[in-house]
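Q: Chains as they are written, first to last, in our numbering: chain A, 1 to 177; chain B, 1 to 542.
These are computed hints drawn from the structure, not numbers from a lab.
These numbers were taken from a predicted model, which means no experiment stands behind them.
Mixed in with the good hints, there may be bad ones.
As the list claims (entries may be wrong) - Coverage of chain B stretches by chain A, computed from C-beta distances (three or more under 8 angstroms per stretch; other residues unrestricted): (1) 100-110; (2) 138-148; (3) 301-309.
Yeah, the Cβ is synthetic: ideal placement off N, Cα and C, and Gly gets one too.
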Amino acid sequence: MELVLFLVTAAIALVGAVAMLVSRNAVHSALFLLLNFGAIAVLFLLLRAPFLFAIQVSVYAGAIMVLFLFVVMLLGAERAEDGRDELFWQTPLALLLGVVLLVEAVMIAVRGGGRETGADTAPVPITGAETFGAPEEIGRVLFTRYLLPFEVAGIILLVAIVGVVVLSRRAMAAEEA
Amino acid sequence: MPVFFQISDVPRLLPELLLLVLALLVLGSDMFERWGEDEESRFERVRAAGSLTAIGLGLIFLITLLQSGYVYRLPADAPQNFFLTIVRNLQNGGPVGDPVVGSFATDHLTMIGRLVLIGAAFLVSLLTLDYRPANNPGEFYALILLSTMGMCLMAAATELITAYLSVELTSIPLYILAGYFQTNTRQSSEAGMKYFLFGALSSGLILYGMSLVFGFAVASIPGGAQANDMTQFLRIAQATATEGAAASKLLTLGMLFIIAGVGYKVAVIPFHSWSPDVYEGSLTPITAFLSTASKAAGFLLLYRILVTAFPNLTGTAEIVSGFGGWTSLLAVLAVATVVLGNLAALPQRNLKRLLAWSSIAHAGFVIMALMAWASPYASTRSMGTSALIYYLVVYTVTNIGAFGALAVASMTVGGDTMEHLRGLARRNLGLATLLAIFVLSLAGIPPMGGFLAKFYIFMAAWQSGAWWVVMTGVVTTMIGLYYYLLILKATFIEEPASTEPVPMPTWMNATLITSAVLVLLLGVFPNLVLTTIDQVKVVAGM
């Protein structure tokens, strides 16, 4: 049952990701990305990480997607783009290199370098896996062991706010002039 | 190792906290003051923010120097009075102890890193003092300060999440700063945008690599209990110490992504393509900041990650037989970087682009210092460490000077191409001499610091058996000499377009003279800093 659910969700996630890349309309791309986010959220649930599931839905599928669509529509970029790519060889080259990387990663994951020693076989189940990704546990480590990075994240947000103010005020000043 | 943040940890984080406070102060003093709209008060406003930043950074530098105890250490039997107690408490946060909450080391590497980075920020803020009114000066200087704080965190991070977030805290202000000025709107915006896109991609690479490494480290400890401290470099090294784990390709894959991501930040070939455009488009003092402090922080982080988290994957310096481990990979990167960097610099006519390519080439030399880890001997390895840090110190001072001289030239002569520099010696001999000192140091001519820096690097790499890397380095240094001498030829030999004397802005002059003195001092008396640098032998908890 779980496997079936996984396969279906994984397929949806892949289809969403590929469709996002190939669709020419920016709004369609954004919606396919939303589909991908939703599927990934279900994958998190399958991994028994309810907190990540909630974050994925509310932050990615919620906040970020709204922002994406808002910007796309604000700029009027939703109409299909038909500009030719000047570097025509870039797409096939990127595809080729991407496939090489994919094959490499899959080979490493499946065959494993240290298989004979058993180091690369399927991950061992973690003791206390139920509490590992639970909200209480995350909250606890966030304010003890990871207190410093947590505070740094706050400062990064300050930087982002300052940056937005600076760049947008500059754009306004340029408009007035 | 204490998991909780102790109140006694505050003095250990003091320089970073002070940088944060100073940034808020600069931001607030600009925001809450009522500034006039006329030209005079706009200039006043820029000056106020700039001076506050420069003075503050100077003070923080002195406090950090006092805390590190490198110039003066309070004797144990010193009398108890108010001031000496402050000094004592300050020095208690010096280079000792376990990392703060397991994620922030305050060892010698951090101390020296802080001094270099805060010193670089100080020089850069002095360089900007002579610039004419800009928009939002408070935000401009606050972003420099916050970025410096991120760099100090990068130098000290001993844990994946802190490392990643400090990289972001460093980069995000720099993206904004690169696109800050609208005097040449298109170029500057283009620089900011390019830097941002490449930076975002490299952050993604770092994160992907980190998640692989974390996942592998958790999976390779039996039972997987207590997994939430597996982001610490030391725990990763412990978990992967077994032979099977070290041979695993999955761990190597994660490490590759981390190296590639940090490689973008320090602009090593093949991750360099953003840097000439970004350097050319940004304001010159910001370019100086980008090419020195942010690179130095990146190298310190790379060094700490590779040495503490992946000591089991070091490998050899051979490429034909026994290719493997990060030393082999870095050897290839180093050779590609010095060769392509120096060759691409040859045809450049714009000096900012030329120095951008030269700074890419210098990144290659820095990487050579890490070759020392191909050697099994601790003495060679610590020699490599000293060479790395000495190179970073010299390079930071020299490049700030070189870009500073360019900033003066573009401000007073009106541009920064070879043509603009023509005959500079006859228009301002002082500026031309300073430029010559920096350029010769970059080229690696004694008695400038750049010579010894290269010498130590080559020595460390040679001892670890990476002779072919050293040979490439020596040959490309000679190629590099050509374009460095082209600058000097334009400055000293060619006829000037006009004989009008070139004025020298006060603060820029002071900065350049300071840097030039430092370059000469470092070159003639390397022991002034080498004895301090040698203490880095032990990286926290090794």
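Q: Decide, hint by hint, whether the structure agrees.
A: Going down the list of hints, with the structure as the test:
no.: 1; hint: 100-110; result: holds (count 5)
no.: 2; hint: 138-148; result: holds (count 5)
no.: 3; hint: 301-309; result: violated (count 0)
Consistency with the previously given hints fails for number 3 only.
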